[in-house]
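**Student:** Same order as they appear, the protein sequences are chains A and B.
If you count by our numbering, then the first sequence holds residues 1 to 274, one letter each, in order.
If you count by our numbering, then the second sequence holds residues 1001 to 1275, one letter each, in order.
Take the hints with a grain of salt, since some may be wrong.
[As the list claims (entries may be wrong)] A few chain B residues facing chain A, derived, Cβ under 10 Å:
1. 1029
2. 1126
3. 1166
4. 1228
[Said to hold, decoys possible] Counterexamples of contact, computed for chain B against chain A with all Cβ distances above 10 Å:
5. 1009
6. 1022
7. 1071
8. 1077
9. 1129
10. 1233
11. 1243
12. 1259
FYI, nobody ran anything at the bench for these hints, they're computed from the structure.
None of these values were measured; they are calculated from a predicted model.
Don't be surprised by glycine CBs; every beta carbon is placed ideally from N, CA and C.
Given next are the chains, with one letter for each unit.
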Amino acid sequence: MPAADERIIAELGLRRERARSVCDYPNAIRAFSVICFLIVWEIYGRRVDPLLLTYPTAVVQAAWSLIKSGELPRQMLESLTTLAVAFGASVVLGVGFGLVMGRSRVVSAALEPHINALYATPQVALTPLLMMWFGLGFTVKAVVIFLFAFFPILINTASGVRNVSSSTIEVGRAYMASRRQILLKVVFPAAVPFIMAGIRLAIGRAIVGMVVAELFTAITGLGAMLTLYGNLFETAKMFVIVIVLGILGVVLVRATQTLERRMARWKETERAIE
Amino acid sequence: MALNALEQEALAEIELESTRPFRLADHLGLVRAVSVVAVISLWEYFGRDVNPLFLSYPSAIARAFVQLLGAGQFMQQARGSLEVYLAGLSAALVVGIVLGLLMGRYRLAEYLLDPFVYALDATPRVALIPILLLWFGLGAPAKIAVVFLSGVFPVLMNTFSGVRTVSAGLVEVGRAYGAREGKIFTKIIVPASLPFIMAGVRLAVGRALIGIITAEMFAAVTGLGALLVRYSSALATDKFFVPVIFLALLGVILTRAVELLEKRFAPWKETERAL
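Isolated chain A (complex conformation):
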């Protein structure tokens, strides 16, 4: 800093450093905020009728008893198995149909009206009909999750394939690549960023689908536990399940985000569909 500046600073008595503010400690503020909330909840919650509202220590106790009895891990495994099977199916079919639709304008024109109609329909509304068709077991849950997750993957894959620059494909043709090779070695890798963005959107929706299906069928899984303890007015246990579902959501979405960054490092595009 030149001497003149120094002199002016000294003359005017300006302070050198920015005034300290509470905002320099974001995590302290966050912790303070959360702790305040928990304390108020604890004090208030103990006074309210336990049928309506619970309090943090009771939730912790309930969580411990649900884990110890093995009920929570068992139901969670049940939910996650269904989720994995149905989500796997929607990834495979979504990417497969998406590739075909992206490559062929004829197929795309033939399927698009139906896909748009199904995608526009709130899938929740179809749950009662699906329950009538598939019963209350594993199948109906898998179908509901599939319907929730399939469309974002399909639509993203198709638009990713359409976005592949035609010059890349022409280069492939010029080097005598077969149709298969063009699809697998040129088109598919180029569409991966879109596909991954679709998968990230789909995982959140799949969890919603899982909860909806389990809430309504109410036989197995985390959603069924929610219905059960709701009917029993065991509020503390309901909160445990809500928190578990929240954590599950965060973990799965973070996992797909990491996967997305690894598999599609070179491209930052994504399409907002919802």
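Given the coordinates of chain A, assemble chain B onto it according to the supplied hints.
**Tutor:** Chain B in isolation, oriented as in the chain A frame:
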């Protein structure tokens, strides 16, 4: 295309077809129409053979549509649903935009609120429905709460990130011209983050619709969601499809309407955030 004599000759020699062969790709509209007609007629044909308790067919659904719309009861339930929807959605928009602006502009507000916002946003909102029904009963307040919670987070998150992208230069120019905090908000921050806010509103409209249906299906007392449950447990499959189609159309119309608003109010920027 004008061809010179040499080219004409060459064409004639190798007998290239001068007319293009028929290709399906040139008639996409036709393909689309054929596909829709084929699916509907197949559904009609086979649907009549299936037990009507399990699957209905298009003409029966159309008949049920006319019958239900004429009877008035359907419209009454739909109006009930829409009122709850509008109440919850407007609360979500107001709260979401205000909190988003505050959290985007003031770091203290951000740090105080963001643990709760992120935690609630990550929790599937449908999981909260049983608890909300416990607290608010089976009537309108519980449904308004569900719609509110479904709609508030997309708006809040988008507004927040919109405010964050407002360039500091704009705000400093405003300050240099002596604008007060209120003016900075209304004249600089809100207009600059409007495209983001509108994108959030568009997402919220769809989410809130799903919220109201789920809540009504779960409470099963009034509204379109309750009709869905009632018709499906009465095994009236043709009637069941009426609210489904109605809701799908409603969703499309509402989203289109917001898109039009978006183009009107925020035509200068095409950004959006994928939530």
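**Student:** When the hints from earlier in the document are held up against this structure, which numbers fail?
**Tutor:** 3, 9, 10 and 11
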